[in-house]
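Novice: This is what each chain is made of:
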Amino acid sequence: MMNIEIPATNRTPSVIFDFAVGHLRITGESYPEDVTTFYNPLFEALKAWLEATEKPGCQFDFELIYFNSSSAKAIMIMMEMLDTAAAKGMNVVVNWFHDPDDETMEELGEEFGEDLNHAKFHLEKRPN
Amino acid sequence: MFANQVYELRANLRDQGVVFAYSGYVTEGILSGVGDALKQKLASEDADTKTVRSVFAVFVEQMQNIIRYSVERLPPSGAKGGPDLSYGILTIGTVANNYVVQAGNLILTEDVEIMRNRLSALRDMNRDALRSAYKEQLRSAPNEMSKGAGIGLIEIARRASKPIEYDFMHVDDQHAFFALKATV
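Here the protein sequences line up with chains V and E, keeping their order.
Under the numbering used here, think of the first position of the first sequence as 1, with each following residue one higher.
Under the numbering used here, think of the first position of the second sequence as 1, with each following residue one higher.
Rather than coming from a laboratory, the hints here were simulated on the basis of the structure.
A hint or two may mislead.
Unchecked claim - Each computed DSS-like pair below joins lysine-lysine, with the alpha-carbon atoms no more than 25 angstroms apart:
1. V:125 / E:50
2. V:120 / E:162
3. E:135 / E:162
None of the values given here were measured: they were computed from a predicted structure.
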């Protein structure tokens with residue numbers, strides 16, 4: 001599958017889905033004008049890859065400075081896809097990086113992490 | 001002469017601590033533009049990271065509430081074509097060392113009670129209850145994200161450092177003015 005590389009804009013994060021390596025990253029801020037238009041192609045690509053890949057594992061890094069409430073749903077949908085893949089036997093690692101000074105982002109990470117039953121989840125401080 | 005009038009408008013806002021004010025038709029483009037200016041202004045102040053991000057988060061949700069839910073819009077609800085404009089007012093300012101983000105727009109009178117109940121419930125929640133409400137709303141929201149999953153008000157209450165304030169005013173038989181204030 002073709003890798004995905006989308007540069008960041010003011011309102012959308014940088015997205016690097018390196019499917020060849022199994023390393024996926026979303027970095028920056030997310031409050032898109034139209035959350036559906038931005039995230040739907042990512043959902044489709046992620047879902048298709050997780051179903052088709054023969055890789056034993058993958059790593060997904062969330063390095064978000066800020067996301068709005070509509071993007072929260074998008075993050076949850078991707079987390080669910082990753083957890084489903086992990087339930088089927090894939091070794092999935094989800095890393096949530098947050099600014100050490102931003103406890104809201106830390107809390108949000110904890111909340112998303114609690115819902116992962118099969119994927120491994122790490123919450124890590126990293127200054128932006 | 002009219003300089004006096006315009007100055008007075010400005011002075012009125014500044015007297016209330018308002019630093020940014022926008023009144024009129026709002027679009028996503030306005031949100032981007034005002035948002036960029038707000039980011040720059042906040043970066044120039046010595047507020048901590050968490051406060052800066054929270055003010056910005058509250059601003060985005062308040063703007064998007066106007067964009068999605070104001071009933072004063074062009075084209076009028078139900079009509080097709082043309083731009084999608086939503087009328088509302090939003091101010092950002094400082095009062096007694098806190099940031100205050102206020103927004104207002106028209107809603108249908110028939111929606112006042114349901115809004116009042118939702119906001120009153122949010123006002124009574126402590127931090128842990130708000131966390132749970134956010135999570136629950138996120139889980140129960142349908143998988144299409146177009147309407148923001150109804151979670152914006154919870155996000156505002158979470159980011160605020162004091163309970164959110166709200167008020168409704170009668171406008172005419174069908175419409176009420178809804179105002180929301182968040183202090184960060």
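Novice: Run every hint past the structure and note whether it holds.
Specialist: Hint check results:
1. Restraint check: the Cα-Cα separation between residue 125 of chain V and residue 50 of chain E comes to about 14 angstroms, which is no more than 25 angstroms; the hinted pair holds.
2. About 35 angstroms separates the Cα atoms of residue 120 of chain V and residue 162 of chain E, which puts this hinted pair outside 25 angstroms; it is violated.
3. Note on residue 135 of chain E and residue 162 of chain E: the hinted pairing holds, with a Cα-Cα distance of about 20 angstroms set against a maximum of 25 angstroms.
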